[in-house]
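Asker: Keeping their order, the protein sequence lines are chains A and B. Anchor point for the first sequence: position 102 equals 101 in numbering that gives the first Met the number 0, and the numbering is continuous, going up by one each time. Anchor point for the second sequence: position 47 equals 46 in numbering that gives the first Met the number 0, and the numbering is continuous, going up by one each time.
Quick caveat, the hints were computed from the structure, so don't treat them as lab data. No residue lacks a Cβ here, since even glycine has one placed at the ideal position from N, Cα and C. Hints should not be assumed to be uniformly reliable.
Across the chosen pairs, the derived CB separations fall in these ranges [what the hints assert, rightly or not]:
#	chain 1	residue 1	chain 2	residue 2	range
1	B	Glu50	A	Arg26	23 to 29 angstroms
2	A	Met96	B	Gly18	33 to 39 angstroms
3	B	Lys54	A	Ser100	44 to 50 angstroms
Taking lysine to aspartate or glutamate and the EDC-like style, the derived pairs with C-alpha atoms no more than 20 angstroms apart in a straight line are [to be verified]:
#	chain 1	residue 1	chain 2	residue 2
4	A	Lys186	B	Asp70
5	A	Lys101	A	Glu35
6	B	Lys53	A	Asp64
7	A	Lys186	B	Glu19
8	B	Lys46	B	Asp17
9	A	Lys81	A	Glu35
10	A	Lys101	A	Asp165
11	B	Lys54	A	Glu141
12	A	Lys186	B	Glu14
13	A	Lys186	B	Asp10
14	A	Lys97	A	Glu78
15	B	Lys80	A	Glu29
16	B	Lys53	A	Glu29
17	B	Lys80	A	Asp64
18	B	Lys54	A	Glu29
19	A	Lys97	A	Asp144
20	B	Lys54	A	Glu18
21	A	Lys97	A	Glu141
22	B	Lys46	A	Glu18
23	A	Lys186	B	Glu50
24	B	Lys54	A	Glu60
25	B	Lys46	A	Asp165
26	A	Lys97	A	Glu29
27	A	Lys81	A	Asp144
28	B	Lys53	A	Glu78
29	B	Lys53	A	Glu60
30	B	Lys54	A	Glu56
31	B	Lys53	A	Asp201
32	B	Lys54	A	Asp119
For reference, the chains in residue letters:
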Amino acid sequence: MLLTMESTQATAPPREANESALVARLRAGENGAYAELLAVYGPRLLATARRMMPVEEDAREAFQDAMLSAFKNISRFDENSKVSTWLHRIVVNACLMKLRSKRRRPETSIEPMLPAFLADGHQATPSVEWRNETALSLERRETRDLVRACIDRLPENYRIVLVLRDIEGVDTDEAATVLGMTANAVKTRLHRARQALRELLDPLIRSQQGADS
Amino acid sequence: MNHVTCHELIDFLMEYLDGELPPERRAIFERHLSICPSCVAYLQNYKATVEMGKKAMACDGDAVAEGVPQDLVAAILAARKG
Numbered sequence: 000m001l002l003t004m005e006s007t008q009a010t011a012p013p014r015e016a017n018e019s020a021l022v023a024r025l026r027a028g029e030n031g032a033y034a035e036l037l038a039v040y041g042p043r044l045l046a047t048a049r050r051m052m053p054v055e056e057d058a059r060e061a062f063q064d065a066m067l068s069a070f071k072n073i074s075r076f077d078e079n080s081k082v083s084t085w086l087h088r089i090v091v092n093a094c095l096m097k098l099r100s101k102r103r104r105p106e107t108s109i110e111p112m113l114p115a116f117l118a119d120g121h122q123a124t125p126s127v128e129w130r131n132e133t134a135l136s137l138e139r140r141e142t143r144d145l146v147r148a149c150i151d152r153l154p155e156n157y158r159i160v161l162v163l164r165d166i167e168g169v170d171t172d173e174a175a176t177v178l179g180m181t182a183n184a185v186k187t188r189l190h191r192a193r194q195a196l197r198e199l200l201d202p203l204i205r206s207q208q209g210a211d212s
Numbered sequence: 000m001n002h003v004t005c006h007e008l009i010d011f012l013m014e015y016l017d018g019e020l021p022p023e024r025r026a027i028f029e030r031h032l033s034i035c036p037s038c039v040a041y042l043q044n045y046k047a048t049v050e051m052g053k054k055a056m057a058c059d060g061d062a063v064a065e066g067v068p069q070d071l072v073a074a075i076l077a078a079r080k081g
């Protein structure tokens with residue numbers, strides 16, 4: 000199964016790498032080239048694996064599987080592509096394979112996390128706009144951790160769509176292909192995942208705003 | 000149909016924000032938003048949620064600077080040879 004996504008900023012290497020030369024050395028089986036690939040691209044790819052796999056051990060295993068797959072399949076790398084994009088696809092696929100094989104937690108329903116409505120279609124609890132300076136103050140580690148914890152609370156089938164689409168920059172059609180779903184199903188899941196995340200964040204942000212004011 | 004409820008607007012909010020609604024439907028949504036502060040707040044918080052998710056999960060500069068743990072690098076290089 001192959002992803003066919005465009006390049007994503009999330010995997011841009013930290014410095015300019017001489018990609019062609021590195022690929023040539025990998026194809027020649029030069030020992031130092033493997034370590035260099037891990038040093039140049041590894042940190043951001045491991046970060047991708049950690050975003051997709053909440054359990055550190057699983058992220059490390061998926062990253063290792065992906066790197067070994069990349070080493071083995073370097074002959075298939077298309078020189079017209081970017082190495083970072085190619086590697087990102089392999090890491091995403093390795094993570095999805097591991098998630099499918101693990102299925103650690105039973106699938107929970109997202110329904111209780113969605114907004115409630117009255118019979119006449121009004122919101123059961125009227126929304127109050129978050130103050131921008133609090134809602135987006137993610138320099139605060141506590142706010143960042145809080146958002147991550149809420150994302151981890153989403154049912155797995157929704158969390159992974161949100162991470163692929165909103166964080167990893169995989170587009171709808173590509174996500175549908177890799178997840179074996181229709182594009183419409185991906186859109187529905189993404190919207191529900193965002194709605195559920197909004198519902199989970201709402202009381203936390205409002206209480207934080209109350210404490211700040 | 001010349002109006003939408005809050006429920007319908009929120010169900011199709013992503014399509015609205017992505018510009019995927021037909022013009023006449025979009026106009027109905029905008030009319031609703033012009034008279035419903037609760038839906039405006041929902042929409043703003045929905046957009047903020049997406050941004051917060053992106054920022055919270057973006058590459059942690061410290062983690063990237065730390066690189067791949069040495070034991071993991073060693074394990075990968077050893078597995079390649081094995």
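Asker: Each hint: holds or not?
Answerer: Here's how the hints hold up against the structure:
1. For glutamate 50 of chain B and arginine 26 of chain A, the Cβ-Cβ distance of about 41 angstroms falls outside the hinted range of 23 to 29 angstroms, so the restraint is violated.
2. Taking the beta carbon of each, methionine 96 of chain A and glycine 18 of chain B are about 35 angstroms apart, inside 33 to 39 angstroms as hinted.
3. For the pair lysine 54 of chain B and serine 100 of chain A, the beta carbons lie near 31 angstroms from each other, so the given range of 44 to 50 angstroms is not met.
4. This hinted pair does not check out: lysine 186 of chain A and aspartate 70 of chain B have alpha carbons roughly 39 angstroms apart, beyond 20 angstroms.
5. Restraint check: the Cα-Cα separation between lysine 101 of chain A and glutamate 35 of chain A comes to about 31 angstroms, which exceeds 20 angstroms; the hinted pair is violated.
6. The straight-line distance between the Cα atoms of lysine 53 of chain B and aspartate 64 of chain A is roughly 26 angstroms, outside the 20 angstroms bound, and the hint therefore fails.
7. Note on lysine 186 of chain A and glutamate 19 of chain B: the hinted pairing holds, with a Cα-Cα distance of about 12 angstroms set against a maximum of 20 angstroms.
8. Distance check on the hinted pair: lysine 46 of chain B and aspartate 17 of chain B sit about 11 angstroms apart at the alpha-carbon level, within 20 angstroms; holds.
9. Only pairs whose Cα atoms come within 20 angstroms are accepted, and lysine 81 of chain A paired with glutamate 35 of chain A is accepted, the gap being roughly 16 angstroms.
10. Taking the CA atoms of lysine 101 of chain A and aspartate 165 of chain A, the gap is about 23 angstroms. The hint is violated against a cut of 20 angstroms.
11. A distance of roughly 13 angstroms separates the Cα atoms of lysine 54 of chain B and glutamate 141 of chain A; the hinted pair therefore holds under the 20 angstroms criterion.
12. Taking the CA atoms of lysine 186 of chain A and glutamate 14 of chain B, the gap is about 9 angstroms. The hint holds against a cut of 20 angstroms.
13. Between lysine 186 of chain A and aspartate 10 of chain B, the direct Cα distance comes to roughly 11 angstroms. Compliance with the 20 angstroms bound is thereby established for this hinted pair.
14. Note on lysine 97 of chain A and glutamate 78 of chain A: the hinted pairing is violated, with a Cα-Cα distance of about 28 angstroms set against a maximum of 20 angstroms.
15. For a cut-off of 20 angstroms, the pair hint linking lysine 80 of chain B to glutamate 29 of chain A stands: about 12 angstroms separates their Cα positions.
16. Proximity of lysine 53 of chain B to glutamate 29 of chain A is assessed by CA-CA distance (about 38 angstroms); at most 20 angstroms being required, the pair is judged violated.
17. At most 20 angstroms may separate the alpha-carbon atoms for a hinted pair to count; lysine 80 of chain B and aspartate 64 of chain A meet this at roughly 14 angstroms.
18. Taken as a hint, the lysine 54 of chain B and glutamate 29 of chain A pair is broken in the structure, with Cα atoms around 38 angstroms apart against an allowance of 20 angstroms.
19. This hinted pair does not check out: lysine 97 of chain A and aspartate 144 of chain A have alpha carbons roughly 24 angstroms apart, beyond 20 angstroms.
20. Among the hinted pairs, lysine 54 of chain B with glutamate 18 of chain A is inconsistent with the structure: their alpha-carbon atoms are about 29 angstroms apart, more than 20 angstroms.
21. For a cut-off of 20 angstroms, the pair hint linking lysine 97 of chain A to glutamate 141 of chain A is broken: about 29 angstroms separates their Cα positions.
22. Between lysine 46 of chain B and glutamate 18 of chain A the CA atoms are separated by roughly 37 angstroms; this puts the pair beyond 20 angstroms, and the hint is violated.
23. A threshold of 20 angstroms between alpha carbons decides the hint, and for lysine 186 of chain A with glutamate 50 of chain B the separation of about 17 angstroms falls inside it, so the pair holds.
24. For the given pair, lysine 54 of chain B sits about 25 angstroms from glutamate 60 of chain A by alpha-carbon distance, which is inconsistent with the 20 angstroms threshold.
25. Restraint check for lysine 46 of chain B and aspartate 165 of chain A: the C-alpha separation of about 12 angstroms stays at or below 20 angstroms, so the hint holds.
26. A hinted pair counts as satisfied when its Cα atoms are at most 20 angstroms apart, and lysine 97 of chain A with glutamate 29 of chain A does not qualify at roughly 29 angstroms.
27. The hinted pair formed by lysine 81 of chain A and aspartate 144 of chain A fails the criterion: a straight-line CA distance of about 32 angstroms is larger than 20 angstroms.
28. Taking the CA atoms of lysine 53 of chain B and glutamate 78 of chain A, the gap is about 30 angstroms. The hint is violated against a cut of 20 angstroms.
29. Our distance criterion of 20 angstroms between C-alpha atoms is broken by lysine 53 of chain B and glutamate 60 of chain A, whose separation comes to about 24 angstroms.
30. Using a Cα cut-off of 20 angstroms, the hinted pair lysine 54 of chain B and glutamate 56 of chain A is violated, with the two alpha carbons roughly 24 angstroms apart.
31. Distance restraint check for lysine 53 of chain B and aspartate 201 of chain A: the Cα-Cα separation of roughly 17 angstroms lies within the 20 angstroms cut-off, and the hinted pair is therefore satisfied.
32. Proximity of lysine 54 of chain B to aspartate 119 of chain A is assessed by CA-CA distance (about 36 angstroms); at most 20 angstroms being required, the pair is judged violated.
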